[in-house]
Amino acid sequence: MINEQNIKTYICEQLAPDIDPATLPADIDLLSTGIIDSLSLVRLVVWVEEEYDIPMGDIEIAPEDFNSVEMINAFIERHTISDDARTKDVNHENEVELISKS
Amino acid sequence: MKLALLLNSLNDSAIHFPNNVAIITDTTTWNYKQLWSRVAQFESALAEIALPTHVAVAVTAHKTVDTLALMLALGKQGHTPLAVSPTLGPMVKPMMYGTAGVYCELAAESYLDQPVVNLIVPGKLQTDIVASAYSDNTCPLMLTTSGSTGIPKVVKLRAEGVSSFFNWGAGYFQLTRDSRVLSYAPLNFDLSLLEIWTPLAKGATVILADTARATQTDYLQALIRDGRPDLIQAVPMFYSLLCPASDAHDSAMSETRHVVFTGDTTPQELRERVATRFPQATFHNIYGCTETNDSFAYSANALEIIRHERLPLGRPIKGTAYRIVTDDGVELAGTGEGELHTSTPFLAHGYTDPKLTAKVFYTHSGRYRAYYRTGDRVARDERGQLTLVGRNDFIVKVRGVRTNLLDIEQVLAKMPTVKNAVVIPANDEISGVVLHAVIEPMQGQTLDGLAMRMFCAQHLPQTSIPRHFHLRENPLPTTSTGKSDRKTIALSIQLQRSEPA
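In order, the protein sequence lines correspond to chains R and C.
Sequential numbering of the first sequence, starting at 15, is according to the numbering used here.
Sequential numbering of the second sequence, starting at 30, is according to the numbering used here.
No lab work stands behind these hints: they were computed from the structure.
The reader is advised that the hints may include incorrect statements.
Said to hold, decoys possible - Beta-carbon label-pair distances, calculated as ranges:
(1) C:Ile522 <-> R:Gly71: 34 to 44 Å
(2) R:Asp43 <-> C:Gln474: 24 to 34 Å
(3) R:Thr23 <-> C:Glu298: 32 to 42 Å
(4) C:Gln472 <-> R:Thr23: 25 to 35 Å
(5) R:Asp43 <-> C:Thr364: 49 to 59 Å
(6) C:Lys448 <-> R:Thr23: 24 to 34 Å
To be verified - Chain C residues, not near chain R, derived (Cβ > 10 Å throughout):
(7) Ser280
(8) Arg352
(9) His393
(10) Pro445
(11) Glu469
(12) Gln491
(13) Arg515
Since the structure is predicted, the reported quantities are computational estimates derived from the model, not experimental observations.
Glycine included, C-beta positions come from ideal geometry on N, C-alpha and C.
Go ahead and model the full structure; you've got the sequences and the hints to work with.
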């Protein structure tokens, strides 16, 4: 929810200043309604990368990932959570390895 | 694509040059044998849809090899594909497909590398008269162009015209089996005829740019560096992204032989940057539209292309005739200005709606040939050279799509909260033309930017939705005759944009 609010604020302040963030539904299709276009999409992707420290160069981005505030939020959660999960998995593997060695 | 020349040529390439590369994407390289067998796989997948014989089928134009294969498979089975933008609004489809006699809309996908045909809009048989239009082989492909009512017009291309265009394009740009052509435009644009279908008909290689990354400078530079295309055709926006003013690494790309500017006016300063990047290339300013395809070409070397403040239209392409018609409706004999009417060997049949065709296509009685009123205003100088002056009306190009400003204003004015709406085009370094809507509310009403965008999305193509909405509280300035004072409004936007953030 906190991310969603943050995303809405960025879109409404930087890309579509005529829209009040409080009125922007999280599930509205941002591209088909012209709230963002292909060029502001690039700005949005760069912002998400910097704001949430997500290495976009290593990730395959589907156009749908940035369709709505909800989808962007899910994308952010997926890439921040999956990194944690990956670290946990690696730790778990190390543990298993240590146990089997001992 | 229902065109014997193309289908036979692809079959020949698959048999005699199976390992020649047909298409390069970011992830995969397809040789002619693989491409042709993909077409066959899509033919089998189509069997599950059970199409009636010889119908028009809309194809969601995702820019993929699978979409191309589906369009070819449809053509092989005698159907005429209509390439439609993946962002085409669901509200406009029923009316558009109804008048065009389109049976259904399909989209091509792969699942575990197997072709899948998805039914996007279910099948509906149109009236016999409309449907029978596709029973012969005279219309290989249909494309859309912006319509004055917000519903795209469907252009029926002519088989003979498309075949002639392939031969002209291959000859003019010296395409051979060794050539590599960049495809940057969306698949549903007429530019794809030169970028995709011509090279495939001639056994050359197409480099497909990824739509999702089409606005990233790094991606585009790598695409040209690694793909080494002989021919690049694109709108000015592509070149601004490829050659940004701030780019200190001016590495020359010397393998590209032909650089084509099209779709819009390319500013002199941008041409200078492009010429530095491609010092060995021949540059072309190509003028045309979906209804006529390319009709004029101005070709020059790097030194010559940067010399002009405005690029000339150049010479009519071989077989093209033109007329300049003045505001009085008479043909211009010498120097002066007027509307350009063209007659090219590539001329389309017209639109699927005969009433629309009758408005802009006509046969000149004295010359026994069909002309198309372009709506573009041109000037002819003492040397007979033509330059584009602008649109005859309020039509601008937004991201390559012809857009009528008055249509957008009319849609906005239908909102109960809106008293007056003026749409102003502004030039943007990267995007080309950006639309600003300036809105005056009905007394006592509050304006809501989100509601306006949603209203526009329901009634207009995506490119017609203004990027910026300026919601005013006071009446908009008017001229002495009571019309909206566009110049003053445009100036106020310009001043607002130049203010420090």
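Taking the hints in turn, this is what the structure says about them:
Our hint of 34 to 44 Å for C:Ile522 and R:Gly71 holds, since their Cβ atoms are close to 36 Å apart. Distance hint check for R:Asp43 and C:Gln474: the Cβ-Cβ separation is about 26 Å, which falls inside the suggested range of 24 to 34 Å. Remark: the range hint 32 to 42 Å for R:Thr23 to C:Glu298 is upheld by a beta-carbon distance near 36 Å. A beta carbon spacing of about 32 Å between C:Gln472 and R:Thr23 agrees with the range 25 to 35 Å that was offered as a hint.
Checked against the hint of 49 to 59 Å, the C-beta distance between R:Asp43 and C:Thr364 comes to roughly 51 Å, which is consistent with it. At about 30 Å, the beta-carbon gap between C:Lys448 and R:Thr23 stays in the expected band of 24 to 34 Å. No Cβ of chain R comes within 10 Å of the Cβ of C:Ser280; the nearest lies about 21 Å off, and the non-interface call holds. Every CB of chain R lies more than 10 Å from the CB of C:Arg352, the least distance being 37 Å, so the non-interface label holds.
The Cβ of C:His393 sits about 41 Å from the closest Cβ of chain R, beyond the 10 Å cut-off, so the non-interface label holds. With a least beta-carbon separation of about 18 Å from chain R, C:Pro445 lies farther than 10 Å from that chain, consistent with its non-interface assignment. Separation of C:Glu469 from chain R is adequate, the least Cβ-Cβ distance of about 14 Å exceeding the 10 Å criterion. Distance check on C:Gln491: its Cβ comes as close as 6 Å (rounded) to a Cβ of chain R, failing to clear the 10 Å threshold; non-interface status is violated.
Non-interface status of C:Arg515 relative to chain R is upheld: no Cβ of that chain comes within 10 Å, the nearest being about 20 Å off.
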